[in-house]
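Chemist: So you can see what is in the structure, the chains are spelled out below.
2 protein chains.
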Amino acid sequence: MKKKAFPLVKVNTLLQHGPVVMISTAAGGRNNVMTLSWLTMVDFDPPLVGCVISDENRTFGTLKNTCECVINIPTLAIARKALACGSTSGADTDKFAAFGLTPQKASLVKAPLIKECYASLECRLEDSGMSDKYNFFVLKVVKAWVSGEKKPKTLHHLGGNSFMLPGRTVKVKKWK
Amino acid sequence: MKKKAFPLVKVNTLLQHGPVVMISTAAGGRNNVMTLSWLTMVDFDPPLVGCVISDENRTFGTLKNTCECVINIPTLAIARKALACGSTSGADTDKFAAFGLTPQKASLVKAPLIKECYASLECRLEDSGMSDKYNFFVLKVVKAWVSGEKKPKTLHHLGGNSFMLPGRTVKVKKWK
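If you read the sequences in order, they're chains A and B. Under the working numbering, the first sequence has 82 at position 87, and the numbering climbs by one with no breaks. Under the working numbering, the second sequence has 121 at position 126, and the numbering climbs by one with no breaks.
In isolation and in its complexed conformation, chain A is listed as follows:
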């Protein structure tokens, strides 16, 4: 999917409605990717994102060592790939090859963008101080890319293999 640069100060609008994301990393000439839904915005500008990555995942160590990753936002079109990336280990599988995902060169980090995702956020590790206790990492978004897709069908994890898709958008009136 072709993407254009997106203003960093608007990154919050891509994440605060709760989409599943795919975190890509690179180390030793190998790309890896995992899927998660446990993340939150932490600040607007510069955009900080907090995410929980279990120390049972290969990504935990790679992120600590390389201090870089990309947060990619998948849509329904690749839901099976996203689910598969969340239920296999990068220790014994090249998930990009196994699940037909295309790595694209990022501009500021070595971790790849995922071509099939509608948005990709290049990140540097800002703070790993809570990673040993809570598997919690604070990431700084340094470059954002978004496709022109209207109303992307982001995935919102309900549990197991169940996901909620976006419904209608409402504009809520002010109280007075």
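Hints are computed from structural coordinates only; laboratory data are not their basis. Since no wrong hints were added, every one of them can be taken at face value.
Since copy identity is lost for identical chains, a pair holds within one copy or between any two.
Derived SDA-like pairs (lysine to any residue); straight-line CA-CA distance at most 20 Å:
#1 LYS59 x ALA22
#2 LYS145 x LEU160
#3 LYS148 x LYS166
#4 LYS171 x THR88
#5 LYS169 x ALA92
#6 LYS148 x GLN11
#7 LYS169 x THR83
#8 LYS(-1) x THR97
#9 LYS110 x PRO147
#10 LYS145 x ARG163
#11 LYS145 x GLY162
#12 LYS166 x PHE94
#13 LYS146 x LEU160
#14 LYS168 x LEU71
#15 LYS171 x ALA72
#16 LYS105 x LYS135
#17 LYS169 x GLY154
#18 LYS169 x ASN156
#19 LYS135 x GLU121
On the provided structure of chain A, position chain B as indicated by the hints.
Modeler: The following block gives chain B in isolation, referenced to the frame of chain A:
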């Protein structure tokens, strides 16, 4: 809304799809409530939730002092009230009274449940170690309440006064 006790180990299914929440607190005989969408699950069991509460909000100090709060999940039915609670300060407004919200006695904490919300999670402050640097609090859910409402119309914040409502649910097939 009448709610029943809900298993703590399933609390993640209430939050990981990204709904807006309303955090209620109590101090000095006064209730307060604020609305936010910057939160994430941190652990399953016991259920830990991480949330970002700006130090410009009255709730920041109350949570630090009382070490208790309730995470309430509103639906479209009270969207205007949720928005209003997110854009006024508890320093000069009794938001429960001003916006027609009904406090209900919680079982384990002094902060009130919000009757009009479809789910309420009684929480104790687990860790405020990242609150000074990132406004980030780790909360432990100690009691959960959920109404029997089917497919609750949770609010997912896009930005400003725009919210996405849940659409259809999909069950994603395994890769093989």
